[in-house]
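Which chain is which? The protein sequence lines are A and B, in order. Take 1 as the starting number for the first sequence in my numbering and just add one per residue. Take 1001 as the starting number for the second sequence in my numbering and just add one per residue.
Watch out, some of these pointers could steer you wrong.
Here are the simulated DSS-like pairs of lysine-lysine, each with C-alpha atoms no more than 27 angstroms apart in a straight line [what the hints assert, rightly or not]: (1) Lys-442/A <-> Lys-1165/B; (2) Lys-442/A <-> Lys-1122/B; (3) Lys-456/A <-> Lys-1136/B; (4) Lys-471/A <-> Lys-1100/B; (5) Lys-472/A <-> Lys-1118/B; (6) Lys-1194/B <-> Lys-1125/B; (7) Lys-442/A <-> Lys-1100/B; (8) Lys-472/A <-> Lys-1100/B; (9) Lys-442/A <-> Lys-1125/B; (10) Lys-427/A <-> Lys-1100/B; (11) Lys-1100/B <-> Lys-456/A; (12) Lys-47/A <-> Lys-59/A; (13) Lys-1125/B <-> Lys-456/A; (14) Lys-471/A <-> Lys-1122/B; (15) Lys-1249/B <-> Lys-1018/B; (16) Lys-161/A <-> Lys-46/A; (17) Lys-456/A <-> Lys-1118/B; (18) Lys-262/A <-> Lys-354/A; (19) Lys-1125/B <-> Lys-1192/B; (20) Lys-442/A <-> Lys-1118/B; (21) Lys-442/A <-> Lys-1003/B; (22) Lys-471/A <-> Lys-1118/B; (23) Lys-471/A <-> Lys-1136/B; (24) Lys-427/A <-> Lys-401/A.
Covered stretches of chain A (chain B as the covering partner; in silico rule of three or more C-beta atoms under 8 angstroms from a C-beta of chain B) [what the hints assert, rightly or not]: (25) 427–440; (26) 444–457.
Bear in mind the hints are in silico, worked out from the structure with no lab data behind them. Keep in mind the model is a prediction, meaning the values are calculated, not measured. Note that CB positions come from ideal geometry on N, CA and C, so glycine has one too.
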Amino acid sequence: MSMSDEDKIIEEATTGDYKYGFVTDIESDLAKVGLTEDTVRFISAKKDEPEWLLDWRLKAFRMWEKMEEPDWAHVSYPKPNFQDIIYYAAPKPKKEYESLDQVDPEILKTFEKLGVPINEQKALSGVAVDIVMDSVSVATTFKDKLGKLGIIFCSFSEAVKNHPELVREYVGSVVPQTDNFYSALNSAVFSDGSFCYIPKGVRCPMELSTYFRINEANTGQFERTLIIADEGAYVSYLEGCTAPQRDENQLHAAVVEIVAKKDAEVKYSTVQNWYPGDKKGRGGIFNFVTKRGICAGDNSKISWTQVETGSAVTWKYPSCILKGDNSVGEFFSVAVTNNMQQADTGTKMIHLGKNTKSTIVSKGISAGKSQNSYRGLVKIAKGADGARNFSQCDSLLIGAKCGAHTFPYIECQNKSAKVEHEATTSKIGEDQLFYCNQRGIKTDKAIGLIVNGFCKNVMDNLPMEFAIEAKKLLEISLEGSVG
Amino acid sequence: MLKINGLKAEINGKEILKGLNLEVKPGEVHAIMGPNGSGKSTLASVLAGREEYEVTGGDVDFEGEDLLDLSPEQRAGEGLFLAFQYPVEIPGVSNINFIKTAVNEVREYRGLPNLETKEFMKLLKEKQQLVELSGKLANRSVNEGFSGGEKKRNEIFQMAMLNPKLGILDETDSGLDIDALRIVANGVNELKTKDNAFVVVTHYQRLLDYIVPDFVHVLYDGRIVKTGTKELALELEEKGYDWIIDEFKETV
Ligand SMILES: Nc1ncnc2c1ncn2[C@@H]1O[C@H](COP(=O)(O)OP(=O)(O)OP(=O)(O)O)[C@@H](O)[C@H]1O
Ligand SMILES: [Mg+2]
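The whole structure should be built from the sequences, with the hints applied where relevant.
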């Protein structure tokens, strides 16, 4: 990015309104409003799915009908009317894309506005990008290079077509259809998402990156991601998203499943910046996500890193099931809430195997009248001899009207386990701000600096180029929160 | 350069500065001494623009501008620097990143482009050497876990990086060992030109052996009650403040 581009972004950012609030005009294929068995059949037919997948969806739908929306999270919001939502929207596929030149220029323009360099630069920096626009992948690059290594990186629908045996084996194996209300909903109506398979012993040579974007008015967004790292494989996966400004609430209920076999490692990083609503809390995305990984084999490792700045309501607990002996789970999180935003986020670390280890570092930043909660479960099963967990939950308050809450749950059934929990709450002090101001640093920038300092040991876990975006995002999302 | 006229300021309804006058010209070094609680740090804070203090009277002219009209960051941009009596810790923010941000913000205020990384590193090295600040400290979080003396040295390092027109040093000498004192003083002397000025708040004549002031003022009860040359500092060291306070009380 050139200097003047960067300046422009900063300038746009300083105008205060959500800068990613624009709408792309693309013809869509829409499902009828509302959710019935027919909707599920429509989606499945639209996607030309095999019988088994339709049955799988229908099973989820029938269970979902009997389930209730959970209300244990520390958030309050008008419950979405699930019959008011359009469950499927896809940009009309004009033709198959062989290169980016063939992609709808409207779509490319959108990404340009976002400052997402989906072009040669990105190629040179070694990132393969699988863009999910609304619900259907419209461009995939680097397939060849990855293909030579046997790596599969494609849209979920393509995987269903080309690798049905893999999808069938693993889909729902980590997050069962009926795990919770939203995973059931997602299982019934998921439109598309990403699929990734790294074969035995292969180290994926580049970060795999997906940009999600909600683009149709009043469209629910139900992504499904499945990542499988076979024995001894390694992959670093990036997910980032921003959304256009809306008046109505938009529901987002994604499911992400990760499987790490023996000696495999998966690093999953997210920057989440859905539209948070305006200052009064109107509009904004409801983000109810189920993310879970299983360290299925010995010595495997799954690491979640997330920077959450967007959404009106967030409900999200990326978790690890540590089944293999000596397996490792990590969760590094920064959650920022401003204005009227509400976030209830954290993780679950389920220790089943021997000598399993988990680390949780959660940094919550609350400003405005927002509410920010950490909710974490560390569970040590009977057989998890020598399991260890370390949790650190720090909260930073900006102003006096926001709230920070911590709900750590520990269930330990093995005496040899060691579980440590540390928590702190602090405020951005007048002293710190004045000190920065005296050095010529404007208040918004000073808050950005202080907050980034506060989050340092989480941000350090993000891949380099992601970290730069994320840092900027932290600054932007807290603009005007003091004074 | 700086002209303070009848400055009155209060905090929490308590009047601390009670009509203070002071004029500083380019190329000058002014020392301000005075008993604890007399208002020295208050003066420094008010000049730097700390919001908790309410200015209730008087005016301050800085380089032809109404200083009191400017925000703290604008004052910094205009070339005013305060070395804090109690420097603040900012966890997780590296000293280098902090000063780089500051340097570029001040440059932006002055309509200059950001410093190229290469130029910045050169400046950094040079100024680090000036105050003999170790590379380790430069990479650590701003003031976090620094010893008292290290914090003070870091203030002078930042001042050197920002190269202000007016540097106000609030008890930078307190807590310094003899070597550090010499280093800090050398730093100031190196930075001194005929175009900039320094106001040095101190309790000890010792610092003034190194940084030789053109004027020494005694601040008492929110006012400057006596002004002299560097010999006044020696006299104060010997006799304390009582005689000046008595003298002042007689005239009121
Ligand atoms: N927040 C406050 N509320 C009330 N009084 C205050 C406050 N801050 C400072 N003061 C008072 O203002 C007076 C001047 O304080 P100041 O820090 O300016 O003194 P000083 O001359 O710098 O003293 P020292 O030599 O000890 O540093 C003191 O009596 C102090 O108690
Ligand atoms: Mg003082």
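Structure-based check of all given hints:
With a C-alpha separation of about 20 angstroms, the suggested pair Lys-442/A and Lys-1165/B falls inside the 27 angstroms cut-off, and the hint holds. Our distance criterion of 27 angstroms between C-alpha atoms is met by Lys-442/A and Lys-1122/B, whose separation comes to about 25 angstroms. Distance restraint check for Lys-456/A and Lys-1136/B: the Cα-Cα separation of roughly 18 angstroms lies within the 27 angstroms cut-off, and the hinted pair is therefore satisfied. At roughly 16 angstroms between alpha-carbon atoms, Lys-471/A and Lys-1100/B fall within 27 angstroms of each other, so this suggested pair holds.
Proposed proximity of Lys-472/A and Lys-1118/B is supported: the alpha carbons are some 23 angstroms apart, at most 27 angstroms. With a C-alpha separation of about 24 angstroms, the suggested pair Lys-1194/B and Lys-1125/B falls inside the 27 angstroms cut-off, and the hint holds. This hinted pair checks out: Lys-442/A and Lys-1100/B have alpha carbons roughly 14 angstroms apart, not beyond 27 angstroms. A C-alpha spacing of about 16 angstroms is found between Lys-472/A and Lys-1100/B, which places the hinted pair at or below 27 angstroms, so the restraint holds.
A distance of roughly 26 angstroms separates the Cα atoms of Lys-442/A and Lys-1125/B; the hinted pair therefore holds under the 27 angstroms criterion. Among the hinted pairs, Lys-427/A with Lys-1100/B is consistent with the structure: their alpha-carbon atoms are about 24 angstroms apart, no more than 27 angstroms. For the proposed pair Lys-1100/B and Lys-456/A, the alpha carbon gap of about 17 angstroms is at most 27 angstroms, so the pair holds. Restraint check for Lys-47/A and Lys-59/A: the C-alpha separation of about 18 angstroms stays at or below 27 angstroms, so the hint holds.
At roughly 25 angstroms between alpha-carbon atoms, Lys-1125/B and Lys-456/A fall within 27 angstroms of each other, so this suggested pair holds. For the proposed pair Lys-471/A and Lys-1122/B, the alpha carbon gap of about 26 angstroms is at most 27 angstroms, so the pair holds. At roughly 15 angstroms between alpha-carbon atoms, Lys-1249/B and Lys-1018/B fall within 27 angstroms of each other, so this suggested pair holds. Proposed proximity of Lys-161/A and Lys-46/A is supported: the alpha carbons are some 13 angstroms apart, at most 27 angstroms.
In summary, the hint linking Lys-456/A to Lys-1118/B is supported, as the alpha carbons are separated by about 25 angstroms, within the 27 angstroms threshold. For the proposed pair Lys-262/A and Lys-354/A, the alpha carbon gap of about 14 angstroms is at most 27 angstroms, so the pair holds. Restraint check for Lys-1125/B and Lys-1192/B: satisfied, since their Cα atoms lie roughly 19 angstroms apart, inside the 27 angstroms limit. Between Lys-442/A and Lys-1118/B the alpha-carbon distance is near 24 angstroms, which keeps this suggested pair within the 27 angstroms criterion.
A distance of roughly 26 angstroms separates the Cα atoms of Lys-442/A and Lys-1003/B; the hinted pair therefore holds under the 27 angstroms criterion. Proposed proximity of Lys-471/A and Lys-1118/B is supported: the alpha carbons are some 23 angstroms apart, at most 27 angstroms. With a C-alpha separation of about 24 angstroms, the suggested pair Lys-471/A and Lys-1136/B falls inside the 27 angstroms cut-off, and the hint holds. Among the hinted pairs, Lys-427/A with Lys-401/A is consistent with the structure: their alpha-carbon atoms are about 12 angstroms apart, no more than 27 angstroms.
For the segment 427–440 of chain A, the proposed coverage by chain B is satisfied: 11 residues have a C-beta within less than 8 angstroms of a C-beta in that chain, meeting the threshold of three. Residues of the segment 444–457 of chain A lying with their CB closer than 8 angstroms to a CB of chain B number 9, which satisfies the three-residue condition for coverage.
Figure legend: structure checked against the earlier numbered hints; every hint is met.
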